[in-house]
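Chains as they are written, first to last, in full-length UniProt numbering: chain A, 1 to 407; chain B, 1 to 318.
No lab work stands behind these hints, which were simulated from the structure alone.
Be aware that one or more of the hints could be misleading.
To be verified - Simulated crosslink set (BS3-like; lysine-lysine; CA at most 30 Å straight-line): (1) B:236 <-> B:269; (2) A:49 <-> B:97; (3) A:243 <-> A:297; (4) B:97 <-> A:202; (5) A:193 <-> B:92; (6) A:229 <-> A:258; (7) A:258 <-> A:322; (8) B:236 <-> A:193; (9) A:243 <-> B:11; (10) A:49 <-> B:95; (11) B:92 <-> A:202; (12) B:97 <-> A:5; (13) B:201 <-> B:5; (14) B:269 <-> B:8; (15) B:95 <-> B:6; (16) B:92 <-> A:49; (17) A:243 <-> B:97; (18) A:264 <-> A:202; (19) A:202 <-> B:236; (20) A:5 <-> B:95; (21) B:97 <-> A:193; (22) B:95 <-> A:193.
The structure displayed is predicted, hence computed values, not measured ones.
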Amino acid sequence: MAFDKMELRDIEVWDGNFAAAQALRQSQVDVVAAYPITPSTPIVEGYAKFTSDGYVEGEFVMVESEHAAMSACIGAAAAGGRVATATSSQGFALMVETLYQASGMRLPIVLNVVNRALAAPLNVNGDHSDMYLGRDSGWIQLDAYCPQDAYDLNFVAFRVSEDHDVRLPCMVHQDGFMTSHTAQGVHTLTDDKAYGFVGDFKPMNDMLDFEHPVTHGVQTEEDWHFEHKARQHNDLMTKVMPKIQAAFDDFEKLSGRKYNIVEKYDMDDADVCVVCLGTSVETAREVATEMRAEGIKAGVVGIRVIRPFPFLEIAEALKGVKAIAALDRSSPNGTVGMLFNEIAGSLFNTDTKAMLSGYVYGLGGRDLTKAHLVALFKELQANIDAGKVTTPLQQFIGVRGPKLAYL
Amino acid sequence: MSEMKKIKNLKEFSTSADRFEGANLLCPGCAHSIIVREVLNATNDDLVLSASTGCLEVCTAVYPYTSWDASWIHIGFENSSTAVAGAESMYKVLKRKNRLKQPERNPKFVSFAGDGASYDIGFQWISGCMERGHNIMHVVLDNEVYANTGGQRSSSTPIGSSATTSPAGRVSYGEKKNKKDLMGIMAAHGIPYAAQVAPNKWKDMVKKIQHGFSVDGPVFINAVSPCTTEWKFDPKDTMHLTDLATDSLVFPLYEIIDGHELNITYRPKNVVPVEEYLAAQGRFKHLFKDEYKYLIKEWQERVDAQWAYLQRREEARV
Ligand SMILES: Cc1ncc(C[n+]2csc(CCOP(=O)(O)OP(=O)(O)O)c2C)c(N)n1
Ligand code: SF4
Numbered sequence: 001m002a003f004d005k006m007e008l009r010d011i012e013v014w015d016g017n018f019a020a021a022q023a024l025r026q027s028q029v030d031v032v033a034a035y036p037i038t039p040s041t042p043i044v045e046g047y048a049k050f051t052s053d054g055y056v057e058g059e060f061v062m063v064e065s066e067h068a069a070m071s072a073c074i075g076a077a078a079a080g081g082r083v084a085t086a087t088s089s090q091g092f093a094l095m096v097e098t099l100y101q102a103s104g105m106r107l108p109i110v111l112n113v114v115n116r117a118l119a120a121p122l123n124v125n126g127d128h129s130d131m132y133l134g135r136d137s138g139w140i141q142l143d144a145y146c147p148q149d150a151y152d153l154n155f156v157a158f159r160v161s162e163d164h165d166v167r168l169p170c171m172v173h174q175d176g177f178m179t180s181h182t183a184q185g186v187h188t189l190t191d192d193k194a195y196g197f198v199g200d201f202k203p204m205n206d207m208l209d210f211e212h213p214v215t216h217g218v219q220t221e222e223d224w225h226f227e228h229k230a231r232q233h234n235d236l237m238t239k240v241m242p243k244i245q246a247a248f249d250d251f252e253k254l255s256g257r258k259y260n261i262v263e264k265y266d267m268d269d270a271d272v273c274v275v276c277l278g279t280s281v282e283t284a285r286e287v288a289t290e291m292r293a294e295g296i297k298a299g300v301v302g303i304r305v306i307r308p309f310p311f312l313e314i315a316e317a318l319k320g321v322k323a324i325a326a327l328d329r330s331s332p333n334g335t336v337g338m339l340f341n342e343i344a345g346s347l348f349n350t351d352t353k354a355m356l357s358g359y360v361y362g363l364g365g366r367d368l369t370k371a372h373l374v375a376l377f378k379e380l381q382a383n384i385d386a387g388k389v390t391t392p393l394q395q396f397i398g399v400r401g402p403k404l405a406y407l
Numbered sequence: 001m002s003e004m005k006k007i008k009n010l011k012e013f014s015t016s017a018d019r020f021e022g023a024n025l026l027c028p029g030c031a032h033s034i035i036v037r038e039v040l041n042a043t044n045d046d047l048v049l050s051a052s053t054g055c056l057e058v059c060t061a062v063y064p065y066t067s068w069d070a071s072w073i074h075i076g077f078e079n080s081s082t083a084v085a086g087a088e089s090m091y092k093v094l095k096r097k098n099r100l101k102q103p104e105r106n107p108k109f110v111s112f113a114g115d116g117a118s119y120d121i122g123f124q125w126i127s128g129c130m131e132r133g134h135n136i137m138h139v140v141l142d143n144e145v146y147a148n149t150g151g152q153r154s155s156s157t158p159i160g161s162s163a164t165t166s167p168a169g170r171v172s173y174g175e176k177k178n179k180k181d182l183m184g185i186m187a188a189h190g191i192p193y194a195a196q197v198a199p200n201k202w203k204d205m206v207k208k209i210q211h212g213f214s215v216d217g218p219v220f221i222n223a224v225s226p227c228t229t230e231w232k233f234d235p236k237d238t239m240h241l242t243d244l245a246t247d248s249l250v251f252p253l254y255e256i257i258d259g260h261e262l263n264i265t266y267r268p269k270n271v272v273p274v275e276e277y278l279a280a281q282g283r284f285k286h287l288f289k290d291e292y293k294y295l296i297k298e299w300q301e302r303v304d305a306q307w308a309y310l311q312r313r314e315e316a317r318v
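The following block holds chain A by itself, in its conformation from the complex (with noise of 0.2 Å):
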């Protein structure tokens, strides 16, 4: 079975799920072991029907949990083959013994996460709640903030996931329903393009090399693992940035589109800037631009990779701001926010030293309304003028009943 090339028009009308399911084809993924969950399951099932329908070769096999799906991309993976799946919430809640399985094992991977609320209560839409409980897993992580990030970002994680420097799995974040089931104009690439840019997978230490036999997933106790899991952090923090900037670099060649570690906008001269992830970095630029209107010098920064997180890189963007708000979208439980403590973390030791605010906003898909920026960007303002801070350390945005607000 050979399969078909697929003709795309130069801009197609997809949500994100699609585009990253349209990524997954192109990239012409060997195995995809999946488990439905909303929001992410249009991603796996349009890579079955491309299957179906003879746009891809690969296997899909529709195993029984997402604790399976992982198990099995795992051993996929060893076997020595492009492996992908897709999940959200409490399918990646399940999913976690295994996200540390795949990572210490040094396996590429590419997880599609739709970002969604963790019960209880339930609730299927979109926080970054998912997103932060496997920031430690040892994956590389991804942000995309629309439909056409989480088309392009998937072509970045396999080529960076599967290079023998890095053999880390890597994360593709959205956000759930507002990226993944938004439908917008995507910018394409022709299947040629897409599968030049991710390139053949090169296998590395493969189960199925007959001649050289491999053990994969050993014990090591207090004599070895140490090394192990430092190394595993030494490559995550000194390798993975240079692979992910040469493969922006190269993609934006390839595309025309640039993509950033840290996307700045009008941060050359702002005095206060918000800092956050996903669809929000939109709606905070365009707040921006309007606080500039009322003489407020306004900034934005979008984190895009959450891990390895750019410390560097946000220490750099953020020299000269003297308000900064950290925007999280998941509720912290008993301490600041996942944002909050990594750009506390990358100012500590500089010479920038601005007021750091922690916002928590949007839990379980609640919207985050430009008037609810615009009041932002003014507290921020009005502790510049004060020159101290005169807010609390952190406070929930629009949450209903008597304000929630701490220190």
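Once you've looked at the hints, dock chain B with the ligands against the given chain A.
Below, chain B with the ligands without anything else, positioned relative to chain A:
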């Protein structure tokens, strides 16, 4: 299909391949290693292997060493079956795409797991693999206990056995539940082949493993694996214990083809009383107190009933 390996005698069999090295950390007398060798030595085909977390895994792949001279993977406690099923899926794709490095090879995919990893935590994963029809063999090293973590009960632990989480004590005779019938459950998936094997009956084992490798689709093998440490017997007695298990019919040897056709493959000439089997193991010692003697009687009745049932099913040919 590749030609089946011909084996003349035990000596030749035991030295006929070295894909599982004698150098490992399993207890002296552990039946796990004997069973693994027998399974691997039954074929000359290339192998892709997996193991669940458990004694076999922690004792054979301790970095920077490995006892395995065939590709082998361990992911977690529950998913050895799915790990090897993932590799089998990749094999199918790469064969179709002409990307195999040695396209002429015809590998077999085997996962090994303890009873804990199969009867309990890995149950769902195995069931999924069976239902989906992966071309894999799942082999249970059934020592009827969580040995690696120090002897907790599993749903394979037989009634009256003293395990650390169902200990015999002043007011308890230990495990209260009967062993789960995993063979029956697995056969009910309609898989092409399910069989119980024992390391002492090596010819029967070879036949069954070779049959398993010859069919297209999932195969389930349940192997009795006496554990010197948890069953509490002298390491030199492993084969004696296995003989008692098969000859008392506590662990009957049979196969189920295509989910229904049952064949008994070993009929002991002299059936040993169950009492002898129980008496040989420390885990049943307390059953010989007067107040628990009735349990030994019940044991015998249960084994007799099970044997009668297997024979009826065999005769019925349904
Ligand atoms: C998810 C998970 N739960 C628990 C454990 C702890 N654990 C490791 S091995 C094991 C018992 C293994 O028993 P079994 O499968 O019967 O194999 P045996 O060691 O007896 O050969 C347990 C409970 C684990 N590794 N992973
Ligand atoms: S505890 Fe039992 S199963 Fe584990 S290695 Fe020892 S004898 Fe084998």
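Cross-check of the supplied hints:
1. Proposed proximity of residue 236 of chain B and residue 269 of chain B is supported: the alpha carbons are some 24 Å apart, at most 30 Å.
2. This hinted pair checks out: residue 49 of chain A and residue 97 of chain B have alpha carbons roughly 19 Å apart, not beyond 30 Å.
3. For the given pair, residue 243 of chain A sits about 34 Å from residue 297 of chain A by alpha-carbon distance, which is inconsistent with the 30 Å threshold.
4. For the hint pairing residue 97 of chain B with residue 202 of chain A, the CA-to-CA distance comes to about 14 Å; that is within 30 Å, so the pair holds.
5. With a C-alpha separation of about 27 Å, the suggested pairing of residue 193 of chain A with residue 92 of chain B holds against the 30 Å cut-off.
6. The straight-line distance between the Cα atoms of residue 229 of chain A and residue 258 of chain A is roughly 33 Å, outside the 30 Å bound, and the hint therefore fails.
7. Our distance criterion of 30 Å between C-alpha atoms is met by residue 258 of chain A and residue 322 of chain A, whose separation comes to about 28 Å.
8. Using a Cα cut-off of 30 Å, the hinted pair residue 236 of chain B and residue 193 of chain A is violated, with the two alpha carbons roughly 65 Å apart.
9. Distance check on the hinted pair: residue 243 of chain A and residue 11 of chain B sit about 55 Å apart at the alpha-carbon level, beyond 30 Å; violated.
10. Pair hint residue 49 of chain A plus residue 95 of chain B holds up; C-alpha atoms about 21 Å apart against a cutoff of 30 Å.
11. A threshold of 30 Å between alpha carbons decides the hint, and for residue 92 of chain B with residue 202 of chain A the separation of about 17 Å falls inside it, so the pair holds.
12. For a cut-off of 30 Å, the pair hint linking residue 97 of chain B to residue 5 of chain A stands: about 16 Å separates their Cα positions.
13. Only pairs whose Cα atoms come within 30 Å are accepted, and residue 201 of chain B paired with residue 5 of chain B is accepted, the gap being roughly 18 Å.
14. A hinted pair counts as satisfied when its Cα atoms are at most 30 Å apart, and residue 269 of chain B with residue 8 of chain B qualifies at roughly 23 Å.
15. Between the alpha carbons of residue 95 of chain B and residue 6 of chain B the distance comes to roughly 28 Å, so the proposed pair stays at or under 30 Å and holds.
16. Simply put, residue 92 of chain B and residue 49 of chain A have alpha-carbon atoms about 19 Å apart, close enough for the 30 Å limit, and the pair holds.
17. With a C-alpha separation of about 29 Å, the suggested pair residue 243 of chain A and residue 97 of chain B falls inside the 30 Å cut-off, and the hint holds.
18. Of the pairs offered as hints, the one joining residue 264 of chain A and residue 202 of chain A is violated, with about 35 Å between alpha carbons and a cut-off of 30 Å exceeded.
19. A distance of roughly 49 Å separates the Cα atoms of residue 202 of chain A and residue 236 of chain B; the hinted pair therefore is violated under the 30 Å criterion.
20. Under the criterion of a C-alpha separation no larger than 30 Å, the hint pairing residue 5 of chain A with residue 95 of chain B is consistent with the structure, at around 21 Å.
21. Between the alpha carbons of residue 97 of chain B and residue 193 of chain A the distance comes to roughly 20 Å, so the proposed pair stays at or under 30 Å and holds.
22. Distance hint between residue 95 of chain B and residue 193 of chain A is fulfilled; the C-alpha atoms sit about 25 Å from each other, no more than 30 Å.
Consistency with the previously given hints fails for numbers 3, 6, 8, 9, 18, 19, ordered from lowest to highest.
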